[in-house]
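Undergrad: So you can see what is in the structure, the chains are spelled out below.
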Amino acid sequence: MPLAPSDRELVVDELGRDPTAAEEALFENLWSEHCAYRSSRPLLSAFASEGPGVVVGPGDDAAVVALPVPGTETDDQTRYSDTYITMGVESHNHPSYVDPFDGAATGVGGIVRDTMSMGAYPIALADSLYFGDFDREHSRYLFEGVVEGISHYGNCIGVPTVSGSVAFHDSYEGNPLVNVACVGLLGEDRLVTAAVQEPGNKLVLVGNGTGRDGLGGASFASEDLAEDAETEDRPAVQVGDPYTEKLLIEANEELVGDDLVRAARDLGAAGLGGASSEMIAKGDLGAEIELDRVHQREPKMNALEILLAESQERMCYEVRPEDVDAVREIAGKYDLGCSVIGEVTEDRYVCTFEGSESRGRETVVDAPAGFLADGAPMNDLDHVEPEQPATDLPDPAPDLRAAFETVVGSPNTASKRWVYRQYDHEVGTRTALRPGDDAALVAVRESAPVDAAPGTGLAFSAGADPNWTDVAPYDGARAVALENATNIAAKGAHPLAAVDCLNGGNPEKPDVYGGFRGIVDGLADECADLDVPVVGGNVSLYNDSEAGPVAPTPTLAMVGTKAGYDAPPAAFAGEGAVLVVGDRALEGEAVPLGGSEYLARHGGTDAFPEPPRNNTAFLRALADVADHDATRAVHDVSHGGLAVALAEMVTGDAGADVSLGGDAHRLLFNERVGRAVIETTAPEAVAAAVDGVAPVHEVGTSTPDGTLDLTAGDESLSVDVADIRELRSVIERQME
Amino acid sequence: MVAVTVAVIRFGGSNCDRDAVRALEHLGVDAEIAWHEDGLPADPSGVVIPGGFSYGDYLRAGAMAARSPVMTEVREAAAEGTPVLGVCNGAQIGSESGLTPGAFTTNRSARFQCEQVHCRVERADTPFTAAFDEGDVVRLPIAHGEGRFEAEDDRYERLVAEDRVLFRYCDADGTVTDAANPNGSKGGVAGVLGERETVAVLMPHPERAALPDLHGGTDGRGLLRAFA
Numbered sequence: 001m002p003l004a005p006s007d008r009e010l011v012v013d014e015l016g017r018d019p020t021a022a023e024e025a026l027f028e029n030l031w032s033e034h035c036a037y038r039s040s041r042p043l044l045s046a047f048a049s050e051g052p053g054v055v056v057g058p059g060d061d062a063a064v065v066a067l068p069v070p071g072t073e074t075d076d077q078t079r080y081s082d083t084y085i086t087m088g089v090e091s092h093n094h095p096s097y098v099d100p101f102d103g104a105a106t107g108v109g110g111i112v113r114d115t116m117s118m119g120a121y122p123i124a125l126a127d128s129l130y131f132g133d134f135d136r137e138h139s140r141y142l143f144e145g146v147v148e149g150i151s152h153y154g155n156c157i158g159v160p161t162v163s164g165s166v167a168f169h170d171s172y173e174g175n176p177l178v179n180v181a182c183v184g185l186l187g188e189d190r191l192v193t194a195a196v197q198e199p200g201n202k203l204v205l206v207g208n209g210t211g212r213d214g215l216g217g218a219s220f221a222s223e224d225l226a227e228d229a230e231t232e233d234r235p236a237v238q239v240g241d242p243y244t245e246k247l248l249i250e251a252n253e254e255l256v257g258d259d260l261v262r263a264a265r266d267l268g269a270a271g272l273g274g275a276s277s278e279m280i281a282k283g284d285l286g287a288e289i290e291l292d293r294v295h296q297r298e299p300k301m302n303a304l305e306i307l308l309a310e311s312q313e314r315m316c317y318e319v320r321p322e323d324v325d326a327v328r329e330i331a332g333k334y335d336l337g338c339s340v341i342g343e344v345t346e347d348r349y350v351c352t353f354e355g356s357e358s359r360g361r362e363t364v365v366d367a368p369a370g371f372l373a374d375g376a377p378m379n380d381l382d383h384v385e386p387e388q389p390a391t392d393l394p395d396p397a398p399d400l401r402a403a404f405e406t407v408v409g410s411p412n413t414a415s416k417r418w419v420y421r422q423y424d425h426e427v428g429t430r431t432a433l434r435p436g437d438d439a440a441l442v443a444v445r446e447s448a449p450v451d452a453a454p455g456t457g458l459a460f461s462a463g464a465d466p467n468w469t470d471v472a473p474y475d476g477a478r479a480v481a482l483e484n485a486t487n488i489a490a491k492g493a494h495p496l497a498a499v500d501c502l503n504g505g506n507p508e509k510p511d512v513y514g515g516f517r518g519i520v521d522g523l524a525d526e527c528a529d530l531d532v533p534v535v536g537g538n539v540s541l542y543n544d545s546e547a548g549p550v551a552p553t554p555t556l557a558m559v560g561t562k563a564g565y566d567a568p569p570a571a572f573a574g575e576g577a578v579l580v581v582g583d584r585a586l587e588g589e590a591v592p593l594g595g596s597e598y599l600a601r602h603g604g605t606d607a608f609p610e611p612p613r614n615n616t617a618f619l620r621a622l623a624d625v626a627d628h629d630a631t632r633a634v635h636d637v638s639h640g641g642l643a644v645a646l647a648e649m650v651t652g653d654a655g656a657d658v659s660l661g662g663d664a665h666r667l668l669f670n671e672r673v674g675r676a677v678i679e680t681t682a683p684e685a686v687a688a689a690v691d692g693v694a695p696v697h698e699v700g701t702s703t704p705d706g707t708l709d710l711t712a713g714d715e716s717l718s719v720d721v722a723d724i725r726e727l728r729s730v731i732e733r734q735m736e
Numbered sequence: 001m002v003a004v005t006v007a008v009i010r011f012g013g014s015n016c017d018r019d020a021v022r023a024l025e026h027l028g029v030d031a032e033i034a035w036h037e038d039g040l041p042a043d044p045s046g047v048v049i050p051g052g053f054s055y056g057d058y059l060r061a062g063a064m065a066a067r068s069p070v071m072t073e074v075r076e077a078a079a080e081g082t083p084v085l086g087v088c089n090g091a092q093i094g095s096e097s098g099l100t101p102g103a104f105t106t107n108r109s110a111r112f113q114c115e116q117v118h119c120r121v122e123r124a125d126t127p128f129t130a131a132f133d134e135g136d137v138v139r140l141p142i143a144h145g146e147g148r149f150e151a152e153d154d155r156y157e158r159l160v161a162e163d164r165v166l167f168r169y170c171d172a173d174g175t176v177t178d179a180a181n182p183n184g185s186k187g188g189v190a191g192v193l194g195e196r197e198t199v200a201v202l203m204p205h206p207e208r209a210a211l212p213d214l215h216g217g218t219d220g221r222g223l224l225r226a227f228a
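Here the protein sequences line up with chains Z and Y, keeping their order. Heads up: the first sequence is residues 1 to 736, going by my numbering. Heads up: the second sequence is residues 1 to 228, going by my numbering.
Just so you know, these hints were derived from the structure itself, not from any lab. Take every hint as true, because none was put in to throw you off.
When the alpha-carbon atoms are kept at most 20 Å apart in a straight line, the in silico DMTMM-like pairs for lysine to aspartate or glutamate are as follows:
#1 Z:416 <-> Z:148
#2 Z:416 <-> Y:115
#3 Z:333 <-> Y:38
#4 Z:333 <-> Y:32
#5 Y:186 <-> Y:153
#6 Z:509 <-> Z:385
#7 Z:509 <-> Z:382
#8 Z:333 <-> Y:37
If you want a taste of the chain Z side facing chain Y, the calculated C-beta under 10 Å gives, among others:
#9 151
#10 242
#11 247
#12 425
#13 432
#14 445
Just so it is clear, the structure is predicted and the values come from calculations on it, not from any experiment. We treat Cβ as the ideally placed atom computed from N, Cα and C, and that holds for glycine.
Here chain Z stands alone, though its shape is the one from the complex:
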């Protein structure tokens, strides 16, 4: 994708001459949709990104948030500790289609380096993955490769993958989505940003040698995928080396610990050119870089290749001249390449290159860094407001047992154990609540005010549901935000902050752009309503294939905090009353079935149920209930509706006897969010906690026998744990 003529004109005007080949390529990449967010930035101002705990908001490699002092999470004046976390999320969609294993693996590597760039140590990953229909062999091939790639890379670098989501939907057939979020941990004194500090300081490149891999990846990520993309575009996909990444993580930790780093940025999209020009632009200074000084893996690379290659596992550091030897020593200890490639200057971004002695040293780039990093004009695109579908329900409706088996046995709602069993989710010995529950809980002992006191239990939830946002981009995205927050509250934690990964199709199509605007505004409004700052994110557009554009997909990765590392399980204990809180359908409201797995499986359309508003009091009450001594289990109700939530709670030792009054299909399969199932031995305490905040219904009792007995209206159903496990193991059965 060459530089557009109108962009080229701007460049010629600014430089006062024609750009060199290297400049032209640099502008093409840095001004691509992938790097410059030309079609999305005008929308992103909708997000509220500030808050009392936010230390670094959007715009750097990762966001930085201070953890509340454990126990003060819900105080009127929450106090913040000097223990910080970083949050970042990244998409690796196009590479994962072309080469699922390497594409997904390098996605993990990139977001981990974004974490390191802030001075943090990576402590948890979450992956949200989206593929075409599970029934198609090609979808399963991509699914298998992506999971293996994440497993290979994440396991090897010793960062646990603790959370995430997997969804299958037609629209991802030719364009899967791989969204990876990472949380890092640092003390206040270790914080580093990308902004260079001082002219005269050196720029030092540490890590892998630079090769010709991943050339033009940023501009590749901004194109539609053609049918033959799998073979044609392979050179634009990088290959990752997790062993080198692990060495780089430890070297970075030592460099930061020894206070040798003034500024840092990882080399991602647009390689060295992207990283170094952004560091300079953020520091409002300049740089002079000698490209031939970059340590290389391949012979005879030219200036443009060195500048733009997306070779993995590389970091660029600003280092004081007197610290350069110490940096070299640490790099050497970890067998990492290290080259001093230039220095910080007062202004302009200049790259020179000496390819051969006969030609001497040539200037290949000479441009204002701010113009490179921020000069891309924004797109003002037309949009069409999406409309919700008319009601057209399956007629005749399937009988209750058939519907239950179809929805509980759908790959979308089924157990994802086949996936997370391949991820090391325990390395680091921080994982107190493991994958398969509503949210993971990660022990951050560092924030404990004194040694004997508990630290922070960091709840981590990530995902989106294409069924919801396909039908209703705005309300679907609000539902995604509320559902992630409910996952966190169900474990007794209070939402702290979120990052988003916004995936859409070609924004130049007004209907696609309309849907994309919908998910941006929906996420922004609901997060603002929940008082959860959206501290960073990533945008991936042009996710189109022969199958059309992907459903607008607003992956949200949210964290919440609580004091200590205890949380109720999502499984029945077999000894309490079963309550549902927040359920308006049980209250008698006609909640529509739009966006449900039920309709996705049986055919038919309906409006998406509007999520409730003003949910902070509900979430706070739910979090309080989760920590009641009498509480035995708490489980969020969402994908697949109440039927799936109840089925998921059955174990070999415990089930439930549940009775609902009304239309069985609506009650069991609607996917209105903001609900939870609670098992408790003190139902009156739950009623008191949510009084005036959300409706509560006692629907039955938990039984010590591993069977779910369900009566709804005039239909009833009895399934035992063996049946449920069989239904829920569809992914495992098919993939083994």
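Since the structure of chain Z is provided, determine the placement of chain Y on it from the hints.
TA: Only chain Y this time, still in chain Z's reference frame:
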């Protein structure tokens, strides 16, 4: 005075080194990370070879680390009676370096597996199992792609005859079955002893089952008490 400290060896690519130190310190055992190029500290009270992907597991899991100079020191310390425990990648390194018999190779599933397993204690008269009785069932997590224990038939028979099997995978009741064998290990072997009972390797992670705040069980403490 020489501090009496357990050395947890860090190779490039080790990733359970900090976890081992945290678990040992939780039990009140003094432990520190020893970078492999710096060699063992003087007179360590014990040595842990932790899990991870030393040298990226290129070549074969554990093969390159097994040939590093620090492993010569570990073999010497082991021969003198210093307790040595290899966990996961450390078990692969231990077997590659000849500290323990047999080999660990690709799982029957050909996939990485992270899950809880049960193991039966086959020998209770070692420092690593003194907290248990023979036949006890312990619950421990595994996390590996190459943990299938293999040995040629005659070598396997010899190590059984010499009573060097420390743990076998079993069901919750302590019966060794194929269904309870997560990776296809020969005889369900999860861990073995070296020439002395003070040297052991196993694929499950005791350091991940030592901290009560993680709700993953604490059976791993019994093994780590060898260093107390």
